[in-house]
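Asks: What follows is each chain in one-letter form.
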Amino acid sequence: MAPEHPFEPKIVGFLCNWCSYAGADLAGTSRARYPQNLRIIRVPCSGRVDPLFVVKAFQDGADGVMVLGCHPGDCHYQQGNYFAQRRYALMHRLLEFTGLEPERLFVEWVSASEGKKFADVTTAFTDKIRALGPSPLKRKRAVGQPSPEEVLA
Amino acid sequence: MSGQKSERVESGTADPARPTMEAQIREAARAYLEDGAVSCVIGYERGPRGNVRPAFIYEADDVDRLVWGADCNLNLVTYVHNWKQPLGRGQPVPTVAIVARPCDARAVNLLIHEQQIQRDKVKVIGLTCAGTEINGQPRLACQYCDERVPVVYDVLIEAEGEVTAAVEADAYEDIAEMESWTPAERLAYWASEFDRCIRCYACRQACPGCYCFECVAEQVDPHWTSIALELPEKHFFHVMRAFHLAGRCVGCDACEAVCPMDIPLSKLNRKLAKEVEAMFGYRTGDDPETAPPLTTFDPQEQLRL
Chain A
1 MAPEHPFEPK IVGFLCNWCS YAGADLAGTS RARYPQNLRI IRVPCSGRVD PLFVVKAFQD
61 GADGVMVLGC HPGDCHYQQG NYFAQRRYAL MHRLLEFTGL EPERLFVEWV SASEGKKFAD
121 VTTAFTDKIR ALGPSPLKRK RAVGQPSPEE VLA
Chain B
1 MSGQKSERVE SGTADPARPT MEAQIREAAR AYLEDGAVSC VIGYERGPRG NVRPAFIYEA
61 DDVDRLVWGA DCNLNLVTYV HNWKQPLGRG QPVPTVAIVA RPCDARAVNL LIHEQQIQRD
121 KVKVIGLTCA GTEINGQPRL ACQYCDERVP VVYDVLIEAE GEVTAAVEAD AYEDIAEMES
181 WTPAERLAYW ASEFDRCIRC YACRQACPGC YCFECVAEQV DPHWTSIALE LPEKHFFHVM
241 RAFHLAGRCV GCDACEAVCP MDIPLSKLNR KLAKEVEAMF GYRTGDDPET APPLTTFDPQ
301 EQLRL
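Chains as they are written, first to last, in my numbering: chain A, 1 to 153; chain B, 1 to 305.
Derived from the structure by calculation, the hints contain no laboratory data. Here a beta-carbon is modelled for each residue, glycine too, at the ideal position from N, C-alpha and C.
Computed far set for chain B versus chain A, every beta-carbon distance over 10 Å:
id: 1; residue: S39
id: 2; residue: P48
id: 3; residue: V52
id: 4; residue: H81
id: 5; residue: E158
Per label pair, the in silico range of CB-to-CB distance:
id: 6; chain 1: B; residue 1: V163; chain 2: A; residue 2: G133; range: 51 to 59 Å
id: 7; chain 1: B; residue 1: Q143; chain 2: A; residue 2: P146; range: 32 to 40 Å
id: 8; chain 1: B; residue 1: E179; chain 2: A; residue 2: G61; range: 23 to 31 Å
id: 9; chain 1: A; residue 1: H5; chain 2: B; residue 2: N82; range: 51 to 59 Å
id: 10; chain 1: B; residue 1: E301; chain 2: A; residue 2: D120; range: 23 to 31 Å
id: 11; chain 1: B; residue 1: E289; chain 2: A; residue 2: H71; range: 30 to 38 Å
id: 12; chain 1: B; residue 1: R304; chain 2: A; residue 2: G61; range: 26 to 34 Å
Quick look at which bits of chain A chain B covers, simulated, 3 or more residues with Cβ under 8 Å:
id: 13; region: 48-60
id: 14; region: 82-89
id: 15; region: 96-102
id: 16; region: 130-140
Work the whole structure out from these sequences, hints included.
Replies: Here is the structure:
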């Protein structure tokens, strides 16, 4: 019998090309450690991340989704992150209302110079998701993961 | 944009024996059609089995088909989308008149803001609404509705009796209760509700705010979601629709009224309306100028993400 594998979360990160993607780069070049669970998707701006990307990521197997953008006022396109802020403030509450644990969606501002912060928030988020367990929105549930109906019963 | 009462209705209100709302609607529709001011009057009529359905009245002789009753729970502003284009090459955009309850009138303001309709191309026959019913029960939206006179109208149809707006019910009572559940309980609740969905898109068709030429639910490139009748697809569809209406939903509950599977869709919309109200102090359709919150921003604000 093979030993049972401990749960390792899949994290999808939508990273702004102009700040947090460069921040992730800096984390790498400065040899800061961050978990391998993160799958990075480079986007031109946090305002590009349609909240439906997040729903789709959850359904297609993500246990947690991070959206990292530039600090307010620092957007390469002047205003993209302001729109993103409003969108995610609402989307977060809607996903929470439809039954997702609020911790699974994480929106933060990380600049290109904050390699350390990038490593820190990624590590903290991954640890939190590891403790939470597999996401209930997955199309294919993990082995032994109960369906929403079974949770209620 | 303030409404203007027509002479006809004012003389009607002065009359001690006030004509019924139905008679007033017919009168207003007749006046518009006889003037040639509108190409069509969109109102309610009764079908052969007694159920209420939308009526499209083109001739003054047909105005007696128009009815008004507590079971008129559709939002007729939806049909204005069929009248946005000129009827033929070189012709002007047609003018239509619609019978609108206070909640529907908010959708008129929304569509004016979104440049879907022009104010002078839509004549609003506003109803002094005492609330409508769904399946013979008073609708939830109407039980806490604090608005009895539309925000925008050209002709105001006055109620026969006194219509009071003093409703002391908490509009978000059921939402607050659901918020106190655990995430797993909410997920199970929505799983059981969404599971019934047959993806007929009646909610989308009934909604005045859903007017995309190509809906995300049916788009093939990019292929957002498959046509499968599975829970993830249904979940995606309803979350998508609720989010696209965030800050735009007027709360007419037409989606819930037309849902053949009785899915409580208004809960999603009211949850977002509650958050929008708390975060941005915005209510849809107060006036045609104010932008819905997701189409604008305030650099100063710090929202909890």
